[in-house]
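So the mapping is simple: our numbering equals the position in the sequence shown, first residue as 1, plus 1.
I should point out that these hints are in silico values taken from the structure, not numbers from a laboratory. Even for Gly, the Cβ is constructed at its ideal location relative to N, Cα and C. Treat the hints with care, since some could be wrong.
[Claimed, not checked] Ranges of calculated distance between the beta carbons of each label pair, as one might list FRET restraints:
hint, residue 1, residue 2, range
1, M21, N102, 19 to 27 Å
2, F80, Y41, 36 to 44 Å
3, A51, W14, 25 to 33 Å
4, Q55, Q34, 14 to 22 Å
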Amino acid sequence: MTLECNFRQAVRWNGESPSMYCRIGNIRLPLLQAPPEPLYTLLTANCSDAVHFQDNVRKYNACFQMTSFGSTKEIKAGFMPTFKVQGQVYHRIGSLQPLWNEEPKFLQIYFVGD
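Can you build the whole structure from these sequences, using the hints too?
Next up, the structure:
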């Protein structure tokens, strides 16, 4: 991203239209709220934990991307099955190791030893 919007200070790629984000100043979005603690500190601080988090945030995101979540009902089946989630989405990551005498599930099958 190399250019900055003259109206809203959004950064954009060189080939993108200057009016793509704010319609030349006609669209105003509310400012984002600061993330809750401890996420705010992990994103902004320079301590060793925060630097480690900032360097590895894509890896952490990928881990949670592989988790499973549930919803209450499927809306349509067929070519493109879809479902609607109402309310809070909870990730069901489960234990890092399978329970005794159970098959691995979720992320447990992705962890590899030394």
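Okay, the hints, checked on the actual structure:
1. M21 to N102: 19 to 27 Å: Since M21 and N102 have Cβ atoms about 56 Å apart, the given range 19 to 27 Å is violated.
2. F80 to Y41: 36 to 44 Å: holds, 43 Å
3. A51 to W14: 25 to 33 Å: holds, 29 Å
4. Q55 to Q34: 14 to 22 Å: With a Cβ separation near 20 Å, Q55 and Q34 satisfy 14 to 22 Å, so the hint holds.
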